[in-house]
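J.: Mind docking chain B on chain A? Use the hints.
Chains as they are written, first to last, in the working numbering: chain A, 15 to 374; chain B, 21 to 377.
Keep in mind that a hint or two might mislead.
To be verified - Each computed BS3-like pair below joins lysine-lysine, with the alpha-carbon atoms no more than 25 Å apart:
1. B/Lys164 <-> A/Lys188
2. A/Lys355 <-> A/Lys17
3. A/Lys48 <-> A/Lys355
4. B/Lys148 <-> A/Lys99
5. B/Lys191 <-> A/Lys99
6. B/Lys275 <-> A/Lys99
7. A/Lys117 <-> B/Lys30
Stated by the list, open to error - Per the computed footprint, the stretches of chain B lying under chain A, defined by three or more beta-carbons under 8 Å from a beta-carbon of chain A, are:
8. 96-107
9. 130-136
10. 329-341
Stated by the list, open to error - Computed beta-carbon distance windows for the label pairs:
11. A/Leu53 <-> B/Pro262: 41 to 47 Å
12. A/His91 <-> B/Leu290: 42 to 48 Å
13. B/Gln324 <-> A/Gly172: 54 to 60 Å
14. A/Leu21 <-> B/Asp99: 36 to 42 Å
Everything labelled a hint here was simulated from the structure, so no lab data went into it. Using N, Cα and C, we set each Cβ at its ideal position, and we do this for glycine too.
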Amino acid sequence: MSKESILLLKELTEACGISGYEREVSALMEKHLKNFATLTRDRIGSVIFEKQGTKGDKGPRIMIPGHMDEIGFMVRHITEDGFIKFLPIGGWYDQVILSQRVKIKTGKGDIIGVVGSKPPHIMTQEERSKVLEKKDMFIDIGASSKKEAEEEFGVMPGDPIIPDCPFTPMKNKKLFMAKALDNRVGCGLVIDVIKSLKNIKHPNTVYGVGTVQEEIGGRGARTSSFSVNPDVCLVAEVGIANDVPGTTSEQLTGKLGKGPGISILDHSMIPNIKLRDLALATAKKHKIPTQLFAMPGGGTDGGAVHLNARGVPGLYIAVPTRYIHTHVGIINIDDYENTLKLMLELIKVLDSKTVKGLTE
Amino acid sequence: MKSSSVELLKKLSEADGPSGYEKEARAVVFEYLKNLGAISSDRLGSLICKKAKTETAPVVMLAAHMDEIGFMVKYITEDGFVRFLPLGGWFSQVLPAKRVKVKTAKGDVIGIIGSKPPHLMTIEEAKKLLRPEDLFIDIGASSKKEAEKFGVKVGDPIVPVAEFMPLKNKKLLLGKAFDNRAGCAVMIKVMEELKTQENPNSIYAVASAQEEVGLRGGRTSTFMIAPDVAIILECRIANDFPGTEKPELYSCLGKGALITFHDAGMIPNLKLRNLAVKTAREENIPYQAYVAGTGSTDANVVHQSRSGVPAIVIGVPTRYFHSHAAVINLDDFEAAVRLVTALILRLDGKTVAGFHQ
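Okay, chain A solo, but in the shape it has when bound (with noise of 0.2 Å):
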């Protein structure tokens, strides 16, 4: 199983797709799961994978999104000596963009280009200690006048710009190095548990959907959820592991290889309680280790999935990882596995009675 996850993390990270361009990572969960599911699509883009449990379609519906899109940037404007100027597409820290490869997706093929920082050498004192915003950086791609990046590279203003950084795994065989992380493991999880349902009975109807447009504002899972309609969502996302130095325990994020998070609150929803317990007490009854967390600054799908129709019990179920929103992020395969489980086990014990109690 675990390097069979592996593979699917890594060809599912090293596709490019920022918000609005996640064709690229749709086309991938098509391929894995063409024989597992029927594929039906909202209108801007979601991809959702219908399989029927035993129950045929009496059972309850239950919603897993994970979103395809990663953040990123985008081509804003080409200067006369052929930089490119761009705009961030989610959540950027100023200080982890500064001379990163990026690659920009052109009508003419990809294109590799490095984020200019200028040398400390010439660098004024107060440059020195004051932080380089976003809209002073730009990206060399080697052009030497708009002219040539546009004509003969193929760069067009609109044209996505990702993170260059290849999976790698770490000295301890467990842990691994890769961009989108974010939420591409949610992507791995919707695939790994459609394919595992095969082999599973169960009460209801399981709706994989891959997402579009998490990063800026859950507006994918808005759509997708309109049209799969859920009873209930399990959100298959990342979550923050802070288990670094300077990290005080009271922040209560997550750590690498304790479990799957189990969110008690974020910045976009409140889970449903009785979803939330029921998660714990079935982790426990399995011996699935957990972790409870708290993500105050930040959402997720299930915060428009749960506002869905007259509303939708939900529960943000996270894989923790290191370093998310920036080129690189880590994280530990027996999370992963351990999510999976979790999510499986609960996905057998939520028959029509226990989601029609989550609500009453």
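T.: Below, chain B alone, put in the same frame as chain A:
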């Protein structure tokens, strides 16, 4: 046989060797120079390749430092993170979320310089510049003990991880450590050129150690050689990018080799400088006058060695150095090789004696 410039630059760029830990870089330089002269070294680890003529021929020193900027393991925390010291001048905003390699006795360990996700940051924090002492390297160890099992020890050198690659315009090369492996590459190519030429002087090509921490190998190797004239080969600042005002433009990519007219470390010998300009003009080699208020090179200590040495810095314009991702133009590199070769051929006894008259 002459080597391919791109392959040479790739090998040198991808070799690891921060100041004081130049072993791998020196091995690459040695491989290329070993058949071009007699190899020796000073006592700080600078490598010297001597191509001697007669005893009375003037002694020309070519020097390019082979160390790159990097870091050193300062401390391993109880939970397995690495705190580090910078080796050389780093601007802290180019550090977070970068891949690095810890060079341990048990092999290389990949890690990343950790950073806090914006979700956990206050607006105030986001605006404050991180300092190197706030940062740490995550090597995926769960404890100090495990980190030590990986082979990580206090004092181990740390280098950027950055693959060498040509950009879409194949003349432009992206990589780490061009400062100053590009200078080392110019030196190697010049020595290859001179193999079949009759140069009127004795040449000592020096790959110097520890330039980035204070021009240290430059000092000791010059004492050893006691040159009559010196040509220092360096990466120099190209800032032909958005935000640079014309009077502040140091140099441009693709417009030729750099002849330094001024930097913070040396005013070149004027006769030598003028000869370099004349040579470039007569040989139709593109060049740019590099007039900088800042920056210093090995030339600073070389030209003050013993009773003084006429010296000049010939540079390769380089964007974004002192980061994971520098960019040079192959044409500038080739121009520097041609200029230095042509200049050396003109450095006969009479010309060199005239420099300080």
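J.: Which hints, by number, does the structure contradict?
T.: 14
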